[in-house]
Structure formats: C-alpha cells, structure tokens
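Using the sequences provided together with the hints, build the complete structure.
So the number in this note's numbering is just where the residue sits in the sequence shown, counting from 1, plus 355.
Calculated from the structure, these hints are not laboratory results. Each residue gets a CB set at the ideal place from its N, CA and C atoms; glycine is no exception. Everything hinted at is true.
Here are the computed lysine-lysine pairs in the DSSO-like style, where the Cα-Cα straight-line distance is at most 27 Å:
#1 K410 - K423
#2 K454 - K426
#3 K446 - K423
#4 K423 - K503
#5 K423 - K375
#6 K454 - K427
#7 K381 - K446
#8 K372 - K397
#9 K375 - K436
#10 K503 - K375
#11 K388 - K426
#12 K381 - K410
#13 K454 - K490
#14 K427 - K372
#15 K454 - K503
#16 K375 - K426
#17 K372 - K423
#18 K388 - K372
#19 K375 - K427
#20 K423 - K454
#21 K372 - K426
#22 K436 - K426
#23 K381 - K436
#24 K433 - K446
#25 K436 - K397
#26 K490 - K433
FRET-style restraints, in silico, Cβ to Cβ:
#27 D373 - P471: 37 to 45 Å
#28 E473 - R504: 15 to 23 Å
#29 R398 - K454: 33 to 41 Å
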Amino acid sequence: MNNSDIIRTIRYIFNFKDPKMVEIFKAGGLEVKREQVANWLKREDEPFYEAIIDKDLAIFLNGFIIEKRGKKEGEEPKPEKTLTNNIIFRKLRIALNLKEDDVLEILSSVGMHISPHELSAFFRNPSQAQYRPCKDQILRNFLRGLQKRYRTED
Numbered sequence: 356m357n358n359s360d361i362i363r364t365i366r367y368i369f370n371f372k373d374p375k376m377v378e379i380f381k382a383g384g385l386e387v388k389r390e391q392v393a394n395w396l397k398r399e400d401e402p403f404y405e406a407i408i409d410k411d412l413a414i415f416l417n418g419f420i421i422e423k424r425g426k427k428e429g430e431e432p433k434p435e436k437t438l439t440n441n442i443i444f445r446k447l448r449i450a451l452n453l454k455e456d457d458v459l460e461i462l463s464s465v466g467m468h469i470s471p472h473e474l475s476a477f478f479r480n481p482s483q484a485q486y487r488p489c490k491d492q493i494l495r496n497f498l499r500g501l502q503k504r505y506r507t508e509d
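Listed below in structure tokens is the structure:
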C-alpha cells in the first residue's frame, strides 16, 4: 500500500476534517498548513497531488497515537525515516489500544483468518527469526476491518 492510501483511509475511517488532520500532524511534531494536508489527501490523478513521504506519515501516526491515547511522559518518539507495513500496523494497534484478540477479531470481520502466532510475528523485532513482514493484503484487510468497526456514518 502507498502512504497516500493509508492516510486517506485513516482520515475516512475516523471522519477527520482538515483542521483535525493539521492538529494531529502538530501533535506528532510537524507544523503543516491545511493546503499541504489537502494535497497529500488528493488522488494521484488530481491536480496538485503530492505523495506523503514515510517520515511525514510516521509523524502523523505518532500524532494519531497522541490523539487517541494522550501524551506520554518523557521524550517524544522520533519518527521513522522509512516505514514498513509492520511499523504502520504496530502504530495503529498502539493508537487504538488493541489487544491481540481485538486485532484477530477485526481481521476475521473481513474474512481474513490468521493465527495468533502469525499475528505476533508481525510485531517482533526484524532481527528475530520469527519476524515476518506484513504484506499489503494483511494491512489492507486490517484497515477494512477498522472501517467496519470504527466508521460512523454521517
């Protein structure tokens, strides 16, 4: 999945308006203008579309964690320069305070059934033998499941 799809999906699921998106970026440590956010949210074929880089998406996800869970004591987390699906998955799980059973239930709600062992492999340190990269299909289905669980119709 590309970063623009991910940020658009999160915005849609939680029904964030532009000012809220700006606020979340600010909570993560990046001052942005509404126009910048609007350009990141555009589709690739629209005028003024701008792809969001990994570091800026990491800042947004850090801000999303703060938005959902509150500010943590101590030093602010540094945004990753390079994101993987595993990191994105982990940050969403942290932000929404989801336990293993919650994640498995969310995935099952969209017809994706994985074992607890498969799930834990996504959240391991990449240097561990049991680590497994999270494929786009898993992340896409997780976001679809989040949409089913959290999207409130207007």
